[in-house]
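Residue numbers (the numbering used here), protein chains in the order written: chain A, 3 to 348; chain B, 241 to 543.
Read the hints as simulated data drawn from the structure, not as lab findings. Cβ coordinates follow ideal geometry from the N, Cα and C atoms, glycine included. Take the hints with a grain of salt, since some may be wrong.
Derived list of chain A stretches under chain B, where covered just means 3 residues or more per stretch with a C-beta under 8 angstroms from a C-beta of chain B [what the hints assert, rightly or not]:
hint, segment
1, 79-86
2, 136-143
3, 274-284
4, 307-314
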Amino acid sequence: MLFKILGKEEFCSLVEIILQSNEIIAPKRVGTNAGGEPIHQFLPVHSFEEMDLNYKTTEYSAKTYFLPYRENLCTFNFDGGRWQQEIAYRIQPRAIIGLHSHDIHALLKLDKVFIRGRFPSPYYVSRRENTFIVGLDHMPLEDEFSRSMGTHIATHGFDLFLTDLGDRYFVAVDSDRAFNLLHRVDTREVADDDTRAYLEVRRKIRDGFKTHINVHSLPNLLDLEFTSEVWGKWGEKCLSCGSCAMVCPTCYCYGVTEEVTMDFKQATKIKQLYSCNLLDFARVAGGHNFRPDGETRLKYRYYHQHRGFMEDYDEPKCVGCNRCGRVCLAGIDPAAVIKDLYEENL
Amino acid sequence: MCALPFRAYDVRQESEMLQLLDFNRQLRLKPVAKVFPAQITNVIRLTEMEKLFHLRILDKVDRERFTFLPGQFVMIEVPGYGEVPISISSSTSNKGFIELCIRKAGSVTNALHRAQRGAMVGIRGPFGTYFPLERMKGQSILLIAGGLGLAPLRAPIYHVTENRADFKNVHILYGTKSPDQLLFDYQYESWRRIDDVDMQIIVEEPNDSWNGPVGLITKLLGDLDVTPNETYAIVCGPPVMFKFVCQQLSQMGIPMDQMFVSLERRMHCGMGKCCRCNVGATYTCTDGPVFDYWSVINLKEAI
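The following block holds chain A by itself, in its conformation from the complex:
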């Protein structure tokens, strides 16, 4: 890892350089919520001014740029009784600026599934390799628990990572393409007072977390509490709408459907992100549903996040951003669910 100091104006010109020939995705203010707070989303921006790097969180995660909600997997071109399959991968480079550390950790977790697994996904690899990632440190929100999940510091998985030191950025450089890009603007080496200031920011971030969950004994607890009535308490509230999975930066399950054009000359195979909370998630041909009630589906969501993923990859799938807690229409708060499991609150 290489560290540099980058002036804020220099960062602005860096963004303009990238913009000259590439699409940039960055947090953009899109509206105001009922409480008067700004709402942000990761969207394409066309100038430095359009970005709002002081954003607190985005409603949706940036996963849609790696795992699109709807993606064309392939096309079948019909010709009489025969057909030809056509596969296209997205290969246009693009930059995402302003990802918080837990969102970078989310990508690292997705990497484990889609790149390091037995069946690497070329669709994902292509998007991931073609995305230049600029991370950004942030002060935690009240309800975030990424420190508990160990995702409040990102040490890899990005190209550049910025920490705001007031008038300048403390920059971690983690790829040769980022290193080369920095040659095009003025940077300077890190001095002692930069390091001190950086560590001070780190300490503030670390101490800024108000919500904590105990994850160390969680897999074991989940095994023990499989039949706990706590699941009924929260499962009863669940509307099975799937919002949590839509905003989650790591939820990756999907369904595949096929559509035929009106002239019957082409069929497209479409992958659409799904949610394990939706009613027909585990329904098989013949009508049997392995998870007919909302309570079971909600429970299995937690099992995959904190138990199943742990067994496969030695880390939970959850990154503690609490987007799911905020978006849930029924008010299901992950930190509270886990607390209830520990304390058997009914």
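Keeping the supplied structure of chain A fixed, place chain B upon it in accordance with the hints.
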């Protein structure tokens, strides 16, 4: 200064990646995104609901590379309709085509049932785990199927009957609801004729022409004389059936890691990605569909 700060990364041109995508295809065919065009060479009517399809991969090289082990499944693509996971019913020694027994159940399988000989479909696979027949060498084998369970069981039956000398006692037990639901009825005689293969069939609701045993499949287990430690069991069927069968086999003393079942789940990828078949940490497509009974009872909600 180049115009693009970042070079485009083309996944198709990355040699290392292509190697991964190639997935030891020297050994086995494991496509991720590409489906292999295959032709339906034969359609055999089994019952009102099930048909047996013979599929032949069109590309000669791919066809020769395609090998599978008993218990594995393939994804069958019907362009325009979708993709379904189907376990392979044919013998592993069968080169040139695979056989799939398919029940009319959803939109894809209904489309397949309408398909005629010569129609072109796609294959991805094979995927999943298999029955460890190598480990069973020198031991007695119980092959137990209920209903459509005979479809995945037919591959190990072929293996056992073709390599009869490798095994001690062989019992094939099959049960269905009614006689008209019996699958592969034209083959029972050929299995029975094999010296020293015990084949028994039981139905729950007999009709006038039925003169065999009547009842549930567990009834046949009572009369079996087995040496538990030297016996392996392969059980395929609906969850409620293999639950009772495995419980009874357990009582007979067969160790849980010598009983194998094949699970069914909704699947959209076959590669441990779509999560539809996920049960906690287990993916039915990559960790299964073949599990030993110990793993199954530890898979909460599995049966």
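Checklist entry - Can you list which hints this structure breaks, lowest number first? => result 2
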